[in-house]
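Construct the entire structure; sequences and hints are all you get.
Numbering (full-length UniProt numbering), first residue to last: 1 to 332.
In short, the hints are calculated from the structure, not lab data.
Source: prediction; values computed, not measured.
For glycine and all other residues, C-beta sits at the position ideal for the given N, C-alpha and C.
Not one of these hints is a red herring.
Pairs of lysine to aspartate or glutamate residues, derived as EDC-like cross-links and limited to a Cα-Cα distance of at most 20 angstroms, are as follows: (1) K98 with D186; (2) K98 with E163; (3) K239 with E55; (4) K239 with E58.
Simulated restraints, written as ranges between beta carbons of each label pair: (5) I53 with S193: 38 to 44 angstroms; (6) Y22 with T79: 19 to 25 angstroms; (7) A213 with G92: 47 to 53 angstroms; (8) Y22 with A46: 25 to 31 angstroms; (9) V150 with E179: 36 to 42 angstroms; (10) G141 with F28: 46 to 52 angstroms; (11) K57 with T26: 43 to 49 angstroms; (12) A159 with K54: 30 to 36 angstroms; (13) A83 with Y50: 18 to 24 angstroms.
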Amino acid sequence: MASNFSEVSDGGIEDTPMVYNYKDPTSFFASVLMIVNGIFGLVCNAFIVYIFIKERKERTAFNVICMIRAIVNFYVLTTNHLALFVPMTLLGKPIISKALETWAICMSNSLYMANEYLTVVIALNRFISLFFPLYYAKLCGMKPTIGILVVMYMYRIGAVTKETINYTAIHCYVRYYVEFLSWSPDFDPQCQSNSGIMTFMAVTFGIVSLLNAATFLKIFKFYKNQKQEDRESRKKIKKNVYLFIQTVMQDSLYLIDISFTFYFFFFYENRFWTFFCGTFVWQSLHSLDGFIMIMFNERLSFLKKQLFQPLASKVTFVRVSQAPSRTHSQTG
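Structure representation (structure tokens):
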């Protein structure tokens, strides 16, 4: 997600003059990686949106969240990486004004942070589905889910708009630097601010970890009992297992982002390394997020059978609740 050159830029990268465009092997290779990775991500995320619109059975509260994530992923991959970073890397120079570049990067970054808010929403969705199935439709149904998403993303768009207006007003910018093949905010003293990003990340990760731990223990209890259960409850639990695994895999992308952004980035003073940590990892998160959602989508049930059928066939289930079948059918 974020980049920081305050410690990297003094390491001799600029000592040897280089041609920072398509003639430079590093720039060319980085561009190819971004193009391939970006197209892969666009296809994966577009497919999630297409399935949601095309298949009525896929229009569940959980899949609404996935669709919104996919739309944001598509937006970031298109506007930032393919339309901005790739041309700048190949040409070796800016293609838009500093103000527009700042707006593009900040908006994508803010929407990415909104996607991270969704990790809490998804974890809570799974938690309520298992612990409070009778209240799932009321708390996590389509209408409340859409309401939460609208408020969340409108808040992020409003917040970044206000912040960017104030930031550019004092001639501070966020730019993509071809010298490092990554982006960075302005480090002038007047441009520094305490955004509280680390606190946000720590709190978000803590909440998600607690919810996922509770969900895992509940699922583990189901497996451990190994008593025969009716077909409907068995199907419900299996579905929750699949969605839980999907949730954990998507949450792991968040941890990868934090690790490369705030830790591994400073390991080497190397141009390709700053590209990998500051640009390629960020892009890959949006591509892999779409791929994970495809892998666990109901339309690709054959893939889930290949991955999880051996486990599911060995496990019997214990009754979750005596809720009517209508309630059980709404847990997705």
